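*Asks:* Each chain, letter by letter, is given below.
2 protein chains.
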Amino acid sequence: MKDFLEDITELLGERGFTQDKDLVDPWLTDWRGRFTGKALGLASPASTQEVSQLMALCDRHKVAIVPQGGNSGMSGGATPDTSGNALLLSLRRMDAIRSFDADARQITCEAGVILQNLHDIAAQKGLRFPLTLGGKGSATVGGLISTNAGGSQVLRHGSMRAQVLGLEAVMADGSVFNSLIPLKKDNRGFDLKQLLIGSEGTLGVVTAATLKLEPAIAERLVIWAGLGDVRDTRKLFLHAEAKAGEAMEAFEILPKHSLKAVLDHAPGARSPLQAEHEWHCLIELVADESRAGTLMDLATELLESAFEDGLVEDATLAANETQAEDFWTLRDEISPAERAIGPAMQHDISVPVARMADFIAEAVPQVESRFAGTTGVAFGHLGDGNVHFHVIAPKGSSRGEWENSQGKKISEFVHDLVTEWGGSISAEHGIGQLKVAELGRLGDPASLGIMRAVKLALDPDNRLNPGKLVPLAPTAQ
Amino acid sequence: MKDFLEDITELLGERGFTQDKDLVDPWLTDWRGRFTGKALGLASPASTQEVSQLMALCDRHKVAIVPQGGNSGMSGGATPDTSGNALLLSLRRMDAIRSFDADARQITCEAGVILQNLHDIAAQKGLRFPLTLGGKGSATVGGLISTNAGGSQVLRHGSMRAQVLGLEAVMADGSVFNSLIPLKKDNRGFDLKQLLIGSEGTLGVVTAATLKLEPAIAERLVIWAGLGDVRDTRKLFLHAEAKAGEAMEAFEILPKHSLKAVLDHAPGARSPLQAEHEWHCLIELVADESRAGTLMDLATELLESAFEDGLVEDATLAANETQAEDFWTLRDEISPAERAIGPAMQHDISVPVARMADFIAEAVPQVESRFAGTTGVAFGHLGDGNVHFHVIAPKGSSRGEWENSQGKKISEFVHDLVTEWGGSISAEHGIGQLKVAELGRLGDPASLGIMRAVKLALDPDNRLNPGKLVPLAPTAQ
Chain A
1 MKDFLEDITE LLGERGFTQD KDLVDPWLTD WRGRFTGKAL GLASPASTQE
51 VSQLMALCDR HKVAIVPQGG NSGMSGGATP DTSGNALLLS LRRMDAIRSF
101 DADARQITCE AGVILQNLHD IAAQKGLRFP LTLGGKGSAT VGGLISTNAG
151 GSQVLRHGSM RAQVLGLEAV MADGSVFNSL IPLKKDNRGF DLKQLLIGSE
201 GTLGVVTAAT LKLEPAIAER LVIWAGLGDV RDTRKLFLHA EAKAGEAMEA
251 FEILPKHSLK AVLDHAPGAR SPLQAEHEWH CLIELVADES RAGTLMDLAT
301 ELLESAFEDG LVEDATLAAN ETQAEDFWTL RDEISPAERA IGPAMQHDIS
351 VPVARMADFI AEAVPQVESR FAGTTGVAFG HLGDGNVHFH VIAPKGSSRG
401 EWENSQGKKI SEFVHDLVTE WGGSISAEHG IGQLKVAELG RLGDPASLGI
451 MRAVKLALDP DNRLNPGKLV PLAPTAQ
Chain B
1 MKDFLEDITE LLGERGFTQD KDLVDPWLTD WRGRFTGKAL GLASPASTQE
51 VSQLMALCDR HKVAIVPQGG NSGMSGGATP DTSGNALLLS LRRMDAIRSF
101 DADARQITCE AGVILQNLHD IAAQKGLRFP LTLGGKGSAT VGGLISTNAG
151 GSQVLRHGSM RAQVLGLEAV MADGSVFNSL IPLKKDNRGF DLKQLLIGSE
201 GTLGVVTAAT LKLEPAIAER LVIWAGLGDV RDTRKLFLHA EAKAGEAMEA
251 FEILPKHSLK AVLDHAPGAR SPLQAEHEWH CLIELVADES RAGTLMDLAT
301 ELLESAFEDG LVEDATLAAN ETQAEDFWTL RDEISPAERA IGPAMQHDIS
351 VPVARMADFI AEAVPQVESR FAGTTGVAFG HLGDGNVHFH VIAPKGSSRG
401 EWENSQGKKI SEFVHDLVTE WGGSISAEHG IGQLKVAELG RLGDPASLGI
451 MRAVKLALDP DNRLNPGKLV PLAPTAQ
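Chains as they are written, first to last, in the UniProt record's numbering: chain A, 1 to 477; chain B, 1 to 477.
These are computed hints drawn from the structure, not numbers from a lab. The model shown is predicted, which means the values in this text are computed figures rather than measured ones. There may be inaccurate statements among the hints.
What the hints assert, rightly or not - Derived DSS-like pairs (lysine-lysine); straight-line CA-CA distance at most 30 Å:
1. Lys260(A) with Lys235(A)
2. Lys409(B) with Lys212(A)
3. Lys235(B) with Lys212(A)
4. Lys21(A) with Lys125(A)
5. Lys212(B) with Lys235(A)
6. Lys125(B) with Lys243(A)
7. Lys136(A) with Lys125(A)
8. Lys243(B) with Lys125(A)
9. Lys212(B) with Lys243(A)
10. Lys235(A) with Lys409(B)
11. Lys212(B) with Lys125(A)
12. Lys21(B) with Lys243(A)
13. Lys125(B) with Lys212(A)
14. Lys260(B) with Lys409(B)
Unchecked claim - Where chain A lies over chain B, by a calculated footprint (3+ residues, C-beta under 8 Å):
15. 95–104
16. 140–152
17. 177–187
18. 192–206
19. 250–256
20. 341–354
21. 378–387
What the hints assert, rightly or not - According to the in silico footprint, chain A covers these stretches of chain B (three or more CB under 8 Å from chain A):
22. 158–172
23. 428–442
The beta carbon of each residue, even a glycine, is placed where N, CA and C say it ideally should be.
Can you make the complete structure from the sequences, with help from the hints?
*Replies:* Here's what the structure looks like:
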């Protein structure tokens, strides 16, 4: 170990490697505060070459590596275990834009580029990077790729996977996989880029990527609708999809409970509609320069026919950008608002898009009846078949105690239901360490077998982000 | 071996297994006639369960398997080697449509469904499957997925990979991987579906897939333009993309040589334009029901501004569907017309989209100067950065003899050039056995290392389509 520490210090220098507790500790707890680990130290290489040399060094010394971007993951995927044997590998220093081709709408940037910065850089040239999420001020390109991050614009643009045209990653032995030059068509074998995306650092460390950009938004319109039944949200979605087509960029749903929680919690928040409704939909329509000016007609026609067909109880259009932002704030504040109410078990789940409304209608009462006093709340990306399914503790439950005593049973119940419906126990937040046991319990044995074989083929010593994502064979756990 | 033959006959019955030469031989030569192999026999299972049992049987007896769909591949990927040790596994009997959800625009069909039938079935419900290619009368869904097939509609809709929402495949040990229920968002680990797509049957045998469908085309318009220089085709492409956006479904280029070859070869063919031009572009615009009626204005504006900007020498619009088909025939007949001229080496190559026109401008004279008397011809999918790059033999060369004496050198020269330009030696036709040595010679060592590791992890005995796609370590070749 002394040899390793000497070698790594020589390789990366003082700025590139530290064991200083003050510098390392802040990165040893995930941002939700669910997991805290220990590490040999914090490595912060400045180039792909340094990452490659570091990985080769770790290979020689058999040192495990936990890659980390902005440390804003939801499943503890970037937090080391408590053994203290692993090296924390931060990619944050690698934040260069290597090239930006505005004509081709492509940008090649290093793993440490922060999402908000990517948005700003694209905007400067009249373009946009369409993926966005709450943690954009800290989430990095490398982390977004490694977790195949989602967000509220997936409906139209797809998850992070769909934005990645090329990838650079360093493998367990230090070799560098490079497909940064994007070819629209390339049939030279397995699509290794796809294998690395979403692999949570268990197969290799993403160091750079070429990303697709979109034309900037020239116009947007946000609709808020009130509905009587969750199944009507599906009908409204189909209606909106038929009317708006690719102009529809987001379709989010909120139950009465969530809206009330936000109105109670967020200062100055007010409901877009006068009366109460059981369910609410937020629909965002956007147009780039080539279609600017078309949205008002489209929205008017969409809403008039929705009223005629009895699909909505009430609806309104945001009158201006400020109001549009206010509508989105009601959606974005749900998580903190629900958290303020009391303890809750949260689940990031998906089922086939067409079945999500039915799932909510059936699963919520099933959970509430099985766990007396709880409240089931499902909100989010209905158009993607993905909602955040929170089970709120009975009134008066103690934070910490309730989760410890009830949480596991409740989550297993929810995950069992989702699995019965053909769904996923992780739609967009990944598996990390939070759900690895549940994936082992519920995952398809053939898929798990393939995952294990691929993992061990590319990381035979299980040194890359050990304990994350891949439920290894029971004997190895 | 006797045991194996008894077991397989018992498992599959007479219809499912044969060694009858008359029944087997037609499938032992690839359709281009480049490769002929031998086989233990022809297995034609009727269900996924039978494929699974068959694969487990082959695992026990260590029998190699060569999966085959319509036998219309371009690279010999479905033709066994000459050892006679491998079993030919036809998926053609598995041609059921398992489900068809027109609302969700999803169809789940078995691997043996023929592309033309898929087109017809989709059309019956006002939908379309957007991928199409010359071999559509025989190419099967399983083969299209295993080779990640392309075609002329990739520009807008992507390769086969982009059409696959879910997949079922049988692995080397007989276990069944199943992700047929499509989830729009699912982050439960490595995307194994993506790994199987384009793996040419070397990791598993595709038995079924859930595919995405698109709205039927309600209107289409085909433009033919004449240009003076290949670099102008790139400018016209950018112009057309800016004007037509997602309405542009294909952008194909033809040099003077190819058009002349077709006019000489195809009965009744005539040039859309009066004068001669060095280069020609075929642009297809399409609209579904929601945008029907908008194309003429769009095309007129596109062409008027192209004339104004001096981007085209001449251009015309197909006046009706018959003429549109005639324009496409000029494009589709290039391969047979060029073949009729004499021997040629053909290359399916890509470079970054923005660089393809420059590549053609530079590579054609380089090839012609290096190999005296040859003619370089590049045509096809400029909008995808993918052309078919033919090098035609000097006049009077003998078919067979010339390819044998010159072919390898010419192909290596072309592949070297493509590699220098950051391109791919197989854009859409796959590697098969045709290019496996070239992939071994030119492939990135890190990528080849990962491919080998994954291949051996999932197929440790190298029994799945051996000798195809994956250049194993030199000692093993």
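*Asks:* All hints are to be evaluated individually against the structure, with a verdict given for each.
*Replies:* Structure-based check of each hint:
| no. | hint | verdict |
| --- | --- | --- |
| 1 | Lys260(A) with Lys235(A) | holds, 24 Å |
| 2 | Lys409(B) with Lys212(A) | violated, 37 Å |
| 3 | Lys235(B) with Lys212(A) | holds, 21 Å |
| 4 | Lys21(A) with Lys125(A) | violated, 41 Å |
| 5 | Lys212(B) with Lys235(A) | holds, 21 Å |
| 6 | Lys125(B) with Lys243(A) | holds, 19 Å |
| 7 | Lys136(A) with Lys125(A) | holds, 20 Å |
| 8 | Lys243(B) with Lys125(A) | holds, 19 Å |
| 9 | Lys212(B) with Lys243(A) | holds, 20 Å |
| 10 | Lys235(A) with Lys409(B) | violated, 62 Å |
| 11 | Lys212(B) with Lys125(A) | violated, 34 Å |
| 12 | Lys21(B) with Lys243(A) | violated, 58 Å |
| 13 | Lys125(B) with Lys212(A) | violated, 34 Å |
| 14 | Lys260(B) with Lys409(B) | holds, 27 Å |
| 15 | 95–104 | holds (count 3) |
| 16 | 140–152 | holds (count 3) |
| 17 | 177–187 | holds (count 10) |
| 18 | 192–206 | holds (count 7) |
| 19 | 250–256 | violated (count 0) |
| 20 | 341–354 | holds (count 5) |
| 21 | 378–387 | holds (count 4) |
| 22 | 158–172 | holds (count 3) |
| 23 | 428–442 | holds (count 5) |
Of the numbered hints stated above, those contradicted by the structure are hints 2, 4, 10, 11, 12, 13, 19, listed in ascending order.
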